Amino acid sequence: MSVIGRRSAWALGLMAWLLALGGCGAGHERGPVTLVFKYARILGNADPLPELLRAFEAAHPDVRVKGEALPWASDDQHQFYVINLEGRSPGFDVMMLDCIWVPEFARAGWLLDLTSQLAPDELAPYFPSAVASATYNGRVWALPWNFNVGLLYYRADLLTKYGLRPPETFEEMIDQVRRIRAGERDPALNGYVWQGKQYEGLVVNVLEAFWANGTTVMEDDGKVFPDPARAADALKFLRGLITMGVSPAWTTAADEELSRRAFGDGHAIFLRNWPYAMDLFEGQGSAVRGKVAFASLPGRARGAPGVGSTGGAHLGVSARSRYPELALALARHLTSERAQRAIALGAALSPTRQALYRDPELVRERPAMPRLEALALAGRPRPVIPYYLLLSATVQPEFSAALVGVKSPERAIADADARLAYFLQAVR
Amino acid sequence: MTGREAAARRRALVCVAPTVVALGALTVYPGIWVVWLSLQHRIPIFDVSRFAGFENYAFLAVDPRFWSAARITAVFTLGSVALEVVLGVAAALAIHAQVRGRKVSLSLLLLAWAMPAVVGAKLFEWLYHPSAGVINVALGRHAINWLGDPNVALPAVILADVWRTMPFVAILCYARLLAIPADVYEAAQVDGAGRLATLTRITLPLLGRILLLAILFRTLDALRAFDIMFVLTGGGPAGATETLTIYAYRALFQTLQIGFGSAVSVVVFALVMAVAWAYLRLLRTGTVAA
Chain A
1 MSVIGRRSAW ALGLMAWLLA LGGCGAGHER GPVTLVFKYA RILGNADPLP ELLRAFEAAH
61 PDVRVKGEAL PWASDDQHQF YVINLEGRSP GFDVMMLDCI WVPEFARAGW LLDLTSQLAP
121 DELAPYFPSA VASATYNGRV WALPWNFNVG LLYYRADLLT KYGLRPPETF EEMIDQVRRI
181 RAGERDPALN GYVWQGKQYE GLVVNVLEAF WANGTTVMED DGKVFPDPAR AADALKFLRG
241 LITMGVSPAW TTAADEELSR RAFGDGHAIF LRNWPYAMDL FEGQGSAVRG KVAFASLPGR
301 ARGAPGVGST GGAHLGVSAR SRYPELALAL ARHLTSERAQ RAIALGAALS PTRQALYRDP
361 ELVRERPAMP RLEALALAGR PRPVIPYYLL LSATVQPEFS AALVGVKSPE RAIADADARL
421 AYFLQAVR
Chain B
1 MTGREAAARR RALVCVAPTV VALGALTVYP GIWVVWLSLQ HRIPIFDVSR FAGFENYAFL
61 AVDPRFWSAA RITAVFTLGS VALEVVLGVA AALAIHAQVR GRKVSLSLLL LAWAMPAVVG
121 AKLFEWLYHP SAGVINVALG RHAINWLGDP NVALPAVILA DVWRTMPFVA ILCYARLLAI
181 PADVYEAAQV DGAGRLATLT RITLPLLGRI LLLAILFRTL DALRAFDIMF VLTGGGPAGA
241 TETLTIYAYR ALFQTLQIGF GSAVSVVVFA LVMAVAWAYL RLLRTGTVAA
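As you go down the protein sequences, you meet chains A and B in turn.
All residue numbers for the first sequence refer to this note's numbering, where the first residue is 1 and numbers rise by one.
All residue numbers for the second sequence refer to this note's numbering, where the first residue is 1 and numbers rise by one.
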């Protein structure tokens, strides 16, 4: 390369560098404000999100909203947030959060405390359980966006055929499974399918079994396994469902989708799942269309009535957002009644605002909504603690070991308790 | 030392410097940092950070979940590498013996190898599906609970891994086979060696060194295997497919116990180093004929 050539190359490089710098500066100072919204893509007939974001831009002419997709799996989303927030990246303003992460992120100082910004009765229209999981240390850290609660789906056609009503206790359900299968003589027809794979869903299912048996995994004062005997009894009962053939052997590998498909293909009488499944059962070409209904999860004979665990997503504002007021405005816009109606109509997600469950337009599209309200209202959140993932990851293999029968339920509870004691003493 | 020698030495140092700096910055420094982290109780997001000495290692020494993960890592590594070698050599010999369509066979083999691990795992997730999976449909009434039975899950995961990585061994061996001169075989034929004798006395010994190299790569990969069990089982059921890397991931990235998770990582690191060192010694001593 000639001397002149080299020199002009340097000059070009320098110019590009200056231009890039100038570009950055201009973006900060004068251009329109850009808010970044991190969310997992919503599946359904139509993703209502882009239109909702455009509506926000229309109301705030000098604001642009960039919706950025999160990874698909919940574990990956959590990892993405942890790496970026711990690394102090200011890359986003509004974050979609699984409700179980809120206390963790709040304690880490990653979320903006919204308490003082909220009107006194602003959270009143939401389900209490949804608000509870957005609250930590008496402060509110996020706005509830969509809501989940564990339900018992059943084959209404089969129950009617045998003159049965949806079971109120598990004992009753086992009896119904025996009667229906004796009558149907279909070896491919399973009784009750649920989630027993070693993952978060297993913890949810076991927790519901604990509640029905009058105990829990962690009390409000932080005591772990307050009643180990009842906890072990609940695990034994779940294991029994598999050994006596009420639930298939593959329950120990089943997640939401695996169990949902088995039921949706007509191969099960009962299913534990979230509200989203109903839309799929009622969809075009579904093998069980018009044959499915849902009820509260069963309780135990001589025990508490059944309660579904709640879940769902919240919207939080990043503590590093450069435009906290605008970010909160966006979170408010997306959790508003109008937005939640649009999301419920376009996708299979359920609203966190109670009034929408009686909204005429929504009820026309999704007739099961009013029945869902009572069950959602009764739902209970998982422990609202900053180290929930530590708790869950520690108990998962122990619960799974009891389910597949390599450990006695008592032993599994004792081992989980001992491990938690070691790990929790480090964080408390 | 003459002036010229000193200059050559200086130049050598200058040439080596970038490598030393890069290795130091990218390997040695993080390595030492991880060892340092493993001696602490450290959970940054909760502002937990205090020196723990060997507490994390002491806990690991009596931690049944850790020993189970170590045992599963060993079984997975031995099982998958052994199967890969047997099947890989067999595939290489078969392709070598093929008269026509070698290119097609090679491309099909490479297809599995070129597939990202997660895609391969997803494929097997469907194959192992309890009711709709091809395998169980074929088995009919004798369907197997592939991923839900603690005794079957690990072999199922090994099988999926072997399917994906066997081609690597096969192609390395095939390349070596092509390099064996034809006159060696002709001489054997003249001496009256049968097919079996040719295989055991000529082909396999000549494969020895490249095979050892393939085993080294595959063992190190298998010791660190992660994607396949993460997608298929998440480490379950009952932790039956939880390897040390899955255990380290859960501690480091899911529950953010940086200190404890680093202790698990240090063990994995030490294990990989020990195995690599043993293989390299074996390669250097030249006990295996090339």
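If you're looking for bench data, these hints aren't it; they were derived computationally from the structure.
Mixed in with the good hints there might be a few duds.
Residues on chain A that point at chain B, a partial pick, calculated with CB under 7 Å [said to hold, decoys possible]:
hint	residue
1	Gln79
2	Lys197
3	Tyr199
4	Gly240
5	Ile242
6	Thr243
7	Met244
8	Gly245
9	Ala249
10	Trp250
11	Pro367
12	Ile385
13	Pro397
14	Gln425
15	Ala426
Derived pair list, reagent style EDC-like, types lysine to aspartate or glutamate, alpha-carbon separation capped at 20 Å [to be verified]:
hint	chain 1	residue 1	chain 2	residue 2
16	B	Lys122	A	Asp75
17	B	Lys122	A	Glu257
18	B	Lys122	A	Asp76
The model shown is predicted, which means the values in this text are computed figures rather than measured ones.
Don't be surprised by glycine CBs; every beta carbon is placed ideally from N, CA and C.
Looking back at the hints listed earlier, which ones does the structure fail to meet? When the structure is compared with the hints, numbers 4, 5, 6, 7, 8, 11, 12 and 14 turn out to be violated.
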